[in-house]
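Chemist: Residues per chain are reported as follows:
Protein chains: 2
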Amino acid sequence: MVERRQPILVSEAVSRVMNYAKLGEKERVSLTEAAGRYLAEDLIAAHDVPAFDRSPYDGFALRSVDTQGARFDHPITLEVVGAIGAGFVHKDTVEAMQAVRVMTGAALPSGCDCVVKFELTEESVDNGKDLITIKKPFETGENVSFQGEDTKKGTILAKKGTYINPGISALLATFGYSEVKVAKKPLIGVIATGSELLEVDQPLEDGKIRNSNAYMIMAQIERAGGEVIYFGQFSDDFDTCFNAVKEGLAQVDFLITTGGVSVGDFDYLPAIYEKLGATVLFNKVAMRPGSVTTVASFNDQLLFGLSGNPSACYVGFELFTRPVIQTFLYNGTPHLKHIKALLGEDFEKANPFTRFIRGQLDYDVEGRCIVTPSGFNKSNAVTSLAETNVLIVIPAKTKNNERGSVVDALLVEEVQGSEWPWDKVVLSYR
Amino acid sequence: MVERRQPILVSEAVSRVMNYAKLGEKERVSLTEAAGRYLAEDLIAAHDVPAFDRSPYDGFALRSVDTQGARFDHPITLEVVGAIGAGFVHKDTVEAMQAVRVMTGAALPSGCDCVVKFELTEESVDNGKDLITIKKPFETGENVSFQGEDTKKGTILAKKGTYINPGISALLATFGYSEVKVAKKPLIGVIATGSELLEVDQPLEDGKIRNSNAYMIMAQIERAGGEVIYFGQFSDDFDTCFNAVKEGLAQVDFLITTGGVSVGDFDYLPAIYEKLGATVLFNKVAMRPGSVTTVASFNDQLLFGLSGNPSACYVGFELFTRPVIQTFLYNGTPHLKHIKALLGEDFEKANPFTRFIRGQLDYDVEGRCIVTPSGFNKSNAVTSLAETNVLIVIPAKTKNNERGSVVDALLVEEVQGSEWPWDKVVLSYR
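Residue numbers (UniProt numbering), protein chains in the order written: chain A, 1 to 430; chain B, 1 to 430.
Fair warning: there could be bad hints in the mix.
Looking from chain B toward chain A, a few residues come up when the C-beta cut is under 10 Å (computed) [claimed, not checked]:
#	residue
1	20
2	45
3	90
4	93
5	97
6	155
7	177
8	212
9	265
10	266
11	338
12	370
13	395
Stretches of chain A that chain B covers, calculated by requiring three or more beta carbons in the stretch to come under 8 Å of a beta carbon on chain B [said to hold, decoys possible]:
#	region
14	10 to 19
15	47 to 53
16	176 to 190
17	203 to 213
18	220 to 226
19	260 to 269
20	338 to 352
Listed next, with one range per pair, are the computed distances between beta-carbon atoms [claimed, not checked]:
#	chain 1	residue 1	chain 2	residue 2	range
21	A	352	B	130	49 to 59 Å
22	B	362	A	349	30 to 40 Å
23	B	204	A	83	18 to 28 Å
24	A	6	B	130	26 to 36 Å
25	B	129	A	3	20 to 30 Å
26	A	12	B	117	18 to 28 Å
27	B	348	A	89	31 to 41 Å
28	A	159	B	46	16 to 26 Å
29	B	73	A	6	31 to 41 Å
30	A	419	B	243	48 to 58 Å
31	A	129	B	298	35 to 45 Å
32	A	12	B	68	35 to 45 Å
33	B	141	A	398	42 to 52 Å
If you're looking for bench data, these hints aren't it; they were derived computationally from the structure.
For each residue, glycine too, the CB sits at the ideal point set by N, CA and C.
Please take these sequences and the hints and turn them into a complete structure.
Modeler: Shown next, in the form of structure tokens:
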């Protein structure tokens with residue numbers, strides 16, 4: 001009467017999904033639009049940085065050889081033959097016993113090999129000539145930022161798939177990218193199913209709840225770097241849902257449905273996959289929450305059948321949909337960022353399946369990461385999702401996980417992510 | 001000849017700036033536009049969650065009292081008088097020896113006080129009547145999600161100033177916020193100064209560099225939750241820069257300039273503040289990089305005079321401008337997120353001033369945070385900014401900071417931030 005499904009390991013489920021992950025297209029955007037996107041090509045230094053020898057201070061550029069005899073009781077005097085600010089070049093080659101006043105960032109004048117800071121000189125004027133007096137010797141190269149000292153031309157500064165943070169924006173500007181090739185965002189369709197769902201602006205009715213999953217998933221898609229197209233919410237009616245899925249698929253790269261994947265009387269997604277001719281990759285995963293998460297492939301598209309239960313929906317997205325989106329964006333580390341952390345409180349429940357517990361990451365005074373379950377932890381607890389910034393992994397077949405024990409944790413806010421598998425040991429557990 | 005400035009402590013500088021921080025206005029946006037913004041009002045549960053007693057499983061709702069005599073060798077039989085899916089309500093009160101077939105999420109029918117999962121029942125039909133047989137007793141409340149079990153009406157679920165992550169989006173939907181009051185983004189003007197600056201699309205010239213600071217700062221502003229208006233880049237010319245600053249101020253909440261704040265021959269910002277009649281809060285901070293960072297107030301506006309040096313510019317923004325932006329967004333923890341971490345490598349330089357070193361945060365297998373300086377660490381090293389996700393704080397007057405010692409670190413990517421002061425001890429150091 002009730003369909004019996006065979007659960008597969010989380011690691012196996014992720015592998016099956018990732019077999020269908022694909023790289024997306026590239027598009028050009030302006031540098032100001034590039035922030036928060038992902039590089040579609042390696043960022044290579046187009047020239048040395050600095051591109052020329054320059055002064056890192058305000059001072060006088062000169063020839064170190066001229067200072068070799070200088071001492072406190074035997075000062076030497078040089079003539080100041082020019083003055084340049086950053087952005088300017090001194091035209092003539094500087095000769096013996098000459099100096100050029102230079103501001104921070106100015107190109108080192110030809111002939112000079114060191115810079116002396118203002119405070120180590122005394123300035124004077126004699127007979128209309130500007131002079132400086134120096135009381136100690138300087139070495140060649142002293143106070144010079146040499147060409148290529150920071151970065152050599154040709155260095156790969158960031159690989160494709162790198163999230164464009166403010167530092168990357170600065171690099172792109174440095175090397176002249178007024179336009180940048182970024183990964184095109186995958187278009188992800190969202191369909192919510194469930195006769196219990198009210199629209200957000202509808203008043204509460206007995207037996208019904210407002211549709212929170214669709215808005216949560218849309219925000220998760222955007223956080224993961226995708227673009228959303230929302231097709232709306234539908235009652236549990238086979239034909240309505242089938243048509244919504246079929247029409248939705250035609251417009252998107254990947255399609256997410258929420259609800260309808262369990263084995264209840266009104267869970268129509270399994271039948272919809274069948275009528276569509278989609279291949280079900282799995283429909284039961286050895287995890288909590290989200291054990292009924294279903295993923296199917298149809299041509300080169302993936303259909304993510306997430307649970308109607310908010311926590312299960314959340315976890316299913318982060319484990320299975322996020323890496324597909326991030327792969328589309330060329331990120332070679334597309335999975336949730338994996339860390340080890342100390343469990344912040346006892347977790348005593350037995351685990352037939354691996355648990356992904358919503359939690360909060362804190363840091364203690366000794367530099368350790370502490371992860372603590374977010375309060376009430378029934379899988380329908382939408383409120384605990386608000387404070388979640390980490391999923392705590394409690395392996396299957398364990399119990400009495402004690403406060404202070406080292407556990408695996410997955411950071412949901414971290415943009416660059418981790419490679420797969422996070423940790424074979426943990427995710428192979430049953 | 002060279003102006004002597006008196007450095008103040010970082011903590012003092014932050015305090016002076018924060019005296020001028022102000023709360024911004026509120027605006028209504030649609031729920032889908034709210035993701036990534038900050039709540040302008042506390043989010044309060046408008047009703048209990050769940051709003052009614054409901055079934056967390058597929059099964060049969062019934063009266064526990066009817067099952068009290070049930071045993072394996074003494075099954076009891078109930079009549080199934082209805083079936084409801086999620087979103088529906090069973091109209092009649094369930095009487096003795098009756099049951100209702102319920103799907104996950106369905107409202108518990110009146111009269112029932114527990115739910116029995118399908119797999120613990122046997123179904124049959126007798127004389128046109130649907131029956132179930134049960135072989136064990138159940139308790140009142142068993143398998144029921146009670147009204148208010150997750151959240152009670154009136155609970156504050158998130159305070160104003162909270163970043164709207166996917167979990168908050170779900171909560172907003174749950175409580176019917178099709179529109180959300182969010183903090184209006186402060187409008188931050190950016191002016192780059194420096195005769196050495198080329199536009200991003202200009203070819204390199206001897207002695208010149210492309211303007212990377214403006215694009216970096218614009219990305220930092222957006223990351224911090226502000227909105228950017230870019231006024232362009234200007235050569236080191238007093239009148240040009242003065243007019244740009246004066247006209248810019250009239251259009252923004254806060255104004256950032258890059259360059260021109262040092263004591264070089266072409267550093268005009270000090271004179272500009274004077275002509276404008278702005279009050280300089282400080283022009284020298286006991287920190288590296290960024291010691292010449294200058295902040296001035298003009299009416300109720302702040303002018304952030306950041307260094308033209310990329311690393312100094314970056315750090316100056318994160319320490320002084322970010323908390324002003326985040327306060328405008330109602331965030332009560334507006335400063336960079338502060339953690340303790342282990343230093344990943346020896347840092348042997350002496351520190352006359354507190355250093356904020358660009359670095360990377362990693363995690364070790366024992367749950368500890370490891371922070372490592374990002375390669376080459378001269379203050380002009382724009383390339384190291386690309387991989388920076390943390391600023392490592394090395395206190396003044398220390399040297400030989402050893403690998404493995406516990407240091408303070410500030411997370412630049414973390415949206416919710418920390419209170420001030422991060423840690424009085426560290427930031428009071430000289």
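Chemist: All hints are to be evaluated individually against the structure, with a verdict given for each.
Modeler: Taking the hints in turn, this is what the structure says about them:
1. 20: Check failed: Cβ of residue 20(B) comes no nearer than 24 Å to chain A, outside 10 Å.
2. 45: 8 Å, holds
3. 90: 9 Å, holds
4. 93: 14 Å, violated
5. 97: 22 Å, violated
6. 155: This interface hint holds because 8 Å falls under the 10 Å limit.
7. 177: At 7 Å from the nearest chain A Cβ, residue 177(B) passes the 10 Å test, so the hint holds.
8. 212: 4 Å, holds
9. 265: 6 Å, holds
10. 266: 4 Å, holds
11. 338: 9 Å, holds
12. 370: 8 Å, holds
13. 395: 16 Å, violated
14. 10 to 19: violated (count 0)
15. 47 to 53: holds (count 5)
16. 176 to 190: holds (count 3)
17. 203 to 213: This one holds; 10 residues, not fewer than the three required, reach chain B with a Cβ under 8 Å.
18. 220 to 226: With 3 residues in contact (Cβ-Cβ under 8 Å with chain B), the coverage given for the region 220 to 226 of chain A holds.
19. 260 to 269: holds (count 5)
20. 338 to 352: holds (count 4)
21. 352(A) with 130(B): 49 to 59 Å: 31 Å, violated
22. 362(B) with 349(A): 30 to 40 Å: Between residue 362(B) and residue 349(A), where Cβ atoms are some 31 Å apart, the hint holds.
23. 204(B) with 83(A): 18 to 28 Å: 23 Å, holds
24. 6(A) with 130(B): 26 to 36 Å: 29 Å, holds
25. 129(B) with 3(A): 20 to 30 Å: 25 Å, holds
26. 12(A) with 117(B): 18 to 28 Å: 27 Å, holds
27. 348(B) with 89(A): 31 to 41 Å: With Cβ atoms ~36 Å apart, the hint holds.
28. 159(A) with 46(B): 16 to 26 Å: 47 Å, violated
29. 73(B) with 6(A): 31 to 41 Å: With Cβ atoms ~32 Å apart, the hint holds.
30. 419(A) with 243(B): 48 to 58 Å: With a Cβ separation near 52 Å, residue 419(A) and residue 243(B) satisfy 48 to 58 Å, so the hint holds.
31. 129(A) with 298(B): 35 to 45 Å: 43 Å, holds
32. 12(A) with 68(B): 35 to 45 Å: 44 Å, holds
33. 141(B) with 398(A): 42 to 52 Å: 28 Å, violated
Hints 1, 4, 5, 13, 14, 21, 28, 33 from the list above are not met by this structure, while the remaining hints are.
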